[in-house]
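Engineer: Take a look at the letters that make up each chain.
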Amino acid sequence: MDLGRVKAIVKKDLREMFKSKYILSAVIGMPILFAIFIPLSTLYPLVAIDSNEFEGGDEFPDYFKDLFSQVIPNWDSTGAQGQILVIMSYIMYIVVLLIPIILPAVTASETIIGEKERKTMEALLASPLSEAELVTGKILSSFIPSVAGTAFAAIIYSLITNIMIYPFTNSLLFLDALSLVFLFVIAPLLSILSVELMILISTRVTSVRDAYQLGSLVVLPLMMLIIGIVVSYFFISVIALIGAVAILLTLCAIFFKIATNVFDRERAIVKLV
Amino acid sequence: MLAVETKNLTKMFHKLKAVDGLNLEIKEAEIYSLLGPNGSGKTTTVRMLTGLLRPTIGGARVLGLDISDNLQEIRSRVGHLTETPALYERLTVRQNLDFFAKLYKVPETEIKPRIEEIVDLFELPEKLDEPAGTLSKGMKQKVAIARAMFHEPELIFLDEPTASLSPESAKVIREQIIKLVKKEKRTFFICTHNLSEAERLSSRVGIINHGRLVAQGSPGELREMRKDETVTVFRFSTWESNTKEFFADMKIEIVEQNQEQKYVSVIIKDIEKQTPSIINSLTKNNFQLVEVKHEFPTLERIYLEFVELEGVPREENNMEES
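Chains F and W supply the protein sequences, listed in that same order.
Numbering follows this note's numbering, in which position 95 of the first sequence is assigned residue number 95; successive positions increment by one, without gaps.
Basically this note's numbering = 1-based index in the second sequence + 273.
Treat the hints with caution; some may be incorrect.
As the list claims (entries may be wrong) - Label pairs and their in silico Cβ distance ranges:
id, chain 1, residue 1, chain 2, residue 2, range
1, F, 28, W, 338, 44 to 54 angstroms
2, F, 267, W, 531, 55 to 65 angstroms
3, W, 311, F, 267, 53 to 63 angstroms
4, W, 343, F, 144, 30 to 40 angstroms
5, W, 383, F, 172, 52 to 62 angstroms
6, W, 341, F, 254, 24 to 34 angstroms
It should be emphasised that the hints constitute simulated quantities derived from the structure, not laboratory data.
Backbone N, C-alpha and C define an ideal beta-carbon position, used for all residues, glycine too.
Start from the sequences and build out the full structure, keeping to the hints where you can.
Structural biologist: Encoded structure:
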């Protein structure tokens, strides 16, 4: 694989993407929405309640206690309001992790189906690019803005959440080891998987608009997957998390192979030109 | 070495034979034009030669390399102008050229000077930093041709290169093609509908219809094949009522007569021998002859005859010319 060619595709795609107002607003707007609007609208109303007036209700089950006492050293002394806020913060963090699934659906539509829509694919296929170079380039050009957007959102989210929750926990919640694993391992893998699925969709649609619609169908199973991974960690073990990462890696490799077949010239000239 | 050599090159899409047993031999530094109606198999032929489609039967060698197992090398050594300019419209002309230069591994130090050089050749310098989307159709086509030639390929496939160009721009392109053939021994394979251009530019032309090569040769050779169809026009200052009888008596076939325009078009079997004697007879018989003109068959007429002989061109199909 010639990395120079891959780099050329990535540079070209990013240049094109950032000249599109739609893509630019999605790449900037979505992280802002997920990182600022969601925590403020869900956590802040709970934070705003006077601690003395807060009614905690029943105690959390033991496995919650076991799990969160590892995350918050003073879990037992944290009041019910603080405990609910901690749990909700983790749940909302999962929402932030939807960015690496949703953003590539937008960026990949632009870079792959956009080539088909604007009839630039044939010139690309007529060049000496190999199928693997083309797929790698396309994955990276969709992956970079999505991972950057996710990292930006995660940092802002962590900042806002920590500021809101610190008075209740007296310790910083994010970015802890778990959220870092999600940010730097799970999110990039989901991003890659999302782009690979969009490549498969590209053979079935003729316009970027159609791709957005069909792309939302890709997002759904991936959302289920991320929820499954989170649940596997919370309720089973670290080994389950490692297993989930291994499954993600395998899926990425399988779909990479399928995606390179999509760019087989003979097939691509019929489906993508 | 031949630049292109095909042997029984055939491509089938299900039951449709898009290209049917094509045998071509194109020499280096030749300009070869493939003429044919829409859906005749031109684009499929080029797509096979550039490794975008695999032949169903037969094979080909491009620059001496077998197309079945040297695709990447072939792609890196040929240039390909597709039917549409296919530029990245949000990028500038410079960025478009720079991107393809990198795909074709043009050395980094050569890219900038070569961009400057090629935009000068195609008269585009003031548009270099403009987004490609703001250019006119003709300018986009020029940029696309410049892109196909940018990595200095030995063989260049051009699909309808001057279709959307103004006469002046088409002239610039033709001049560049001729210059590259003469000075740098490049080979051009041109698919076109523009018959007068093919006639002016090409050393040889091939006429393809229904995927089959129905005629091939230099424009002169093709004309020679149809020399018996040369029409001779006699124009008079006054029209005589016995003109038709005069030519009938001489056993000369009249193709057309026009009393208003005062001319008659005939087919003379032996032009060299018979024309002077016909002129003599006309003068002796007091016909007021003003002009005698031989109309040799044009490439357009020859092309239309071959295409019509082969039947009505089939409908454009979505695998072809798309």
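Engineer: Take the hints in turn and mark each one as holding or not.
Structural biologist: Going through the hints against the structure:
At roughly 48 angstroms, the beta carbons of residue 28/F and residue 338/W sit within the given window of 44 to 54 angstroms. In this structure the supplied range 55 to 65 angstroms holds for residue 267/F paired with residue 531/W, their Cβ-Cβ distance being about 58 angstroms. For residue 311/W paired with residue 267/F, a C-beta distance near 24 angstroms fails the hint of 53 to 63 angstroms. A hinted range of 30 to 40 angstroms for the beta carbons of residue 343/W and residue 144/F is consistent with their spacing of about 34 angstroms.
Distance hint check for residue 383/W and residue 172/F: the Cβ-Cβ separation is about 54 angstroms, which falls inside the suggested range of 52 to 62 angstroms. The supplied range of 24 to 34 angstroms is met by residue 341/W and residue 254/F, whose beta-carbon atoms lie about 29 angstroms from each other.
Going through the hint list in order, the structure does not satisfy hint 3, though it satisfies all others.
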